[in-house]
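Number of protein chains: 2
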Amino acid sequence: MSLHLQRDLEKLKKEILKLGTMVESAINNAILALNNREMLYVDEVLRLEDHINEMEVKIEEDCLKILALHQPVAGDLRFIVVSLKVNNDLERMGDFAKNIAKRARELMQEEPISTLPEFVNELPNLVRTMVRNSLDALVKLDVSLAREVIAMDDKVDEINRAMYQEVTRVAKENASKTGVAISLLSTSRYMERIGDLSTNIAEDVIFMVEGRVIRHDD
Amino acid sequence: MSLHLQRDLEKLKKEILKLGTMVESAINNAILALNNREMLYVDEVLRLEDHINEMEVKIEEDCLKILALHQPVAGDLRFIVVSLKVNNDLERMGDFAKNIAKRARELMQEEPISTLPEFVNELPNLVRTMVRNSLDALVKLDVSLAREVIAMDDKVDEINRAMYQEVTRVAKENASKTGVAISLLSTSRYMERIGDLSTNIAEDVIFMVEGRVIRHDD
Numbered sequence: 030m031s032l033h034l035q036r037d038l039e040k041l042k043k044e045i046l047k048l049g050t051m052v053e054s055a056i057n058n059a060i061l062a063l064n065n066r067e068m069l070y071v072d073e074v075l076r077l078e079d080h081i082n083e084m085e086v087k088i089e090e091d092c093l094k095i096l097a098l099h100q101p102v103a104g105d106l107r108f109i110v111v112s113l114k115v116n117n118d119l120e121r122m123g124d125f126a127k128n129i130a131k132r133a134r135e136l137m138q139e140e141p142i143s144t145l146p147e148f149v150n151e152l153p154n155l156v157r158t159m160v161r162n163s164l165d166a167l168v169k170l171d172v173s174l175a176r177e178v179i180a181m182d183d184k185v186d187e188i189n190r191a192m193y194q195e196v197t198r199v200a201k202e203n204a205s206k207t208g209v210a211i212s213l214l215s216t217s218r219y220m221e222r223i224g225d226l227s228t229n230i231a232e233d234v235i236f237m238v239e240g241r242v243i244r245h246d247d
Numbered sequence: 030m031s032l033h034l035q036r037d038l039e040k041l042k043k044e045i046l047k048l049g050t051m052v053e054s055a056i057n058n059a060i061l062a063l064n065n066r067e068m069l070y071v072d073e074v075l076r077l078e079d080h081i082n083e084m085e086v087k088i089e090e091d092c093l094k095i096l097a098l099h100q101p102v103a104g105d106l107r108f109i110v111v112s113l114k115v116n117n118d119l120e121r122m123g124d125f126a127k128n129i130a131k132r133a134r135e136l137m138q139e140e141p142i143s144t145l146p147e148f149v150n151e152l153p154n155l156v157r158t159m160v161r162n163s164l165d166a167l168v169k170l171d172v173s174l175a176r177e178v179i180a181m182d183d184k185v186d187e188i189n190r191a192m193y194q195e196v197t198r199v200a201k202e203n204a205s206k207t208g209v210a211i212s213l214l215s216t217s218r219y220m221e222r223i224g225d226l227s228t229n230i231a232e233d234v235i236f237m238v239e240g241r242v243i244r245h246d247d
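Note that the protein sequences, when read in sequence, are chains A and B. Quick note on the working numbering: the first sequence kicks off at 30 and runs consecutively. Quick note on the working numbering: the second sequence kicks off at 30 and runs consecutively.
Errors might be hidden in some of the hints.
When chains are identical, the list treats them as one kind, so a pair holds in a single copy or across two.
Computed cross-link-like contacts, DSS-like style, restricted to lysine-lysine with a CA-CA straight-line distance of at most 27 Å [as the list claims (entries may be wrong)]: (1) 169 <-> 131; (2) 114 <-> 201; (3) 131 <-> 42; (4) 201 <-> 40; (5) 114 <-> 94; (6) 47 <-> 114; (7) 43 <-> 184; (8) 206 <-> 42; (9) 184 <-> 42; (10) 42 <-> 169; (11) 169 <-> 201.
Since the hints were derived computationally from the structure, they do not count as laboratory data.
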């Protein structure tokens, strides 16, 4: 591998990690907005989301430049293609963080309703761990960590189903809470989607290391 | 451009179109399952989704092969990168079609509730047109058609907001309908997400033709 290519790939890896850190921060702030009902967290998510979008565009351009300039093959080529996909997945996570923040802003106008403790504590923690571990797996090319991320997705789906039951129950018991209940359900679905995107990243790590496509294995 | 590269790019374009046709068919069947309440449409969506997943994996492998073998530059390189992204977007549309079909299967067990005519007729038609036109724009590199797709997304969002109001109203009036109402809202959100993915494709077409990134312009 030429020194130039090596240097550009290292730079790309750093950029992806920086984007990942911004996305994690956006998710954290979105969850704080939801739980603490304070506008400053919403504003922070919106600010971060702008930067995430700019960064995504830059990373895609950089991938194209590396492809055109160095015409990498084998593992390096797979790394660039995976970077393009991870870049896209991270940007979508930023979108979902923004959606959660916007719902949080609406929910601040309403009386809070009691929700599942799994939703308030366990789901955000799970999703944050999935995001963090999928990025760690990418950097360290750690296949077993990537598999852990994929396994966590089942628990996320389970909490989401419980949330759906809870929301339906609340809405049935007290019709005036229907709007709030549906908004809460939306936020839990956005978190589920963030978990799905982490799973995508973990699958791409396995693809990159083992050269085997495991998505759609289920 | 070498004849080999030209031939491989033509083949790739045909594969993407074939995948697009399968995705369109999955969406059509999902909507039929929802409106006609018949299991044969659900089964057809699940069958198609398996093929869509296989096809997506194959197209990604083909893109990697073309990159490694021909090391294309400029417009050809952009076409491959856009193909990778469109491939991903189409596969996700297939997932959403499957989600709609699964909701349709649940809804068949329940008494139907009257919903907005915009939801039953206009939203599916809009979304199908967006999918079809985004693929047409890709094949013909038609920027003005791509811009039409992007403009349609506002109408989809508007119907979705109306659907949200309607669902909240139904659930408030009749608590026993809450579950059905929330499931219907999910299907309308899945359609919205399919529309979003068509918008992604349209934006990528504009990027490919004009070399300018227009996503995040809003």
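> Where does the structure disagree with the numbered hints, that is, which hint numbers, in rising order?
Replying inline: 1, 2, 3, 4, 7, 8, 9, 11
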